[in-house]
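S.K.: Starting from the known structure of chain A, fit chain B onto it as the hints suggest.
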Amino acid sequence: MLKKNKIYWLEGVTEKGVKSLLNDENSRFSWLRRQRNRRVLVLFMAMGIIVTALGSYYTGLKQELRLDGSAEIVWLTVAVLFILFAVLVGYSLLRIAVRGLADAPTELLDERQVRVRDTSYRYAYQISGYLLITLLLLYFFGPEISLFSDTANDGSYLLIATLFAYASLPSMVIAWRERDI
Amino acid sequence: MSMSRNPEEPVYNRIEEARVALGLSRQDLADKVGVHYQTIGYLEREEYSPSLVLALRIAKSLNQVVSELFSLTPFKKGK
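Going line by line, the protein sequences match chains A and B.
Per numbering that gives the first Met the number 0, residue 0 is the first one in the first sequence, and the count goes up by one each step.
Per numbering that gives the first Met the number 0, residue 0 is the first one in the second sequence, and the count goes up by one each step.
For reference, chain A alone in the conformation it holds in the complex (with noise of 0.2 Å):
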């Protein structure tokens, strides 16, 4: 009789795939485990966070630096494509190297893994309140900035890189201090 794949909604996750990501132990993603690899991967991640936040400002910065076509063309194509890797293919090879632990649901852990899931989240909550400072900080004393505007500084971006972060830095805690996943 097939074992029912049990959902946990909360984490979004599933008891197949969760336990799958915890015991994989020779996938072609091995060598991200590492944590140098995780390391790197981290930086990348935050860096493409940080230019996704920038692209808050881009309008101002386009004038600033006095952009013509052609070379406007090409830096967003440089910083969209720098954006899908670091942001969208890092979070899934962030998840990957970090066996998927900050997702996990506890009664799928052992007491050790729970341990350094909820360490993540700890420190996750102290640097988010760091991201959050900087975010009224930029708010209130940096570039004027309006949400979803074409002529102006759009916000948007700062949101959907705050969102990003918030979303990551569990994994990333983990990826970066751990030594063994």
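In short, the hints are calculated from the structure, not lab data.
Even glycine gets a Cβ: it sits at the ideal position worked out from N, Cα and C.
You may find that some hints are simply not true.
Computed from the model, here is a short list of chain A residues facing chain B with C-beta under 7 Å [said to hold, decoys possible]:
no., residue
1, Glu10
2, Glu106
3, Arg111
4, Asp179
M.R.: For chain B alone, coordinates are given in the frame of chain A:
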């Protein structure tokens, strides 16, 4: 807000010695006690202190009593 690790009182153990004596791999022991094999590695390197429940389960799986397997002071070599 510091990112430093909280220094814990180390728990010394002879898990590796007892495991090898029984001819078990880390994976075998992990399966017996119901943890990830890397948790066995962390325990053997004394980088993680187990809960009492886990210590009891490990001791049982290795046919030892907890006090022979775990200690708050380093074990003497060869004993």
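S.K.: So, against the hints stated earlier in the document, which numbers end up violated here?
M.R.: Of the numbered hints, 1 and 2 do not hold.
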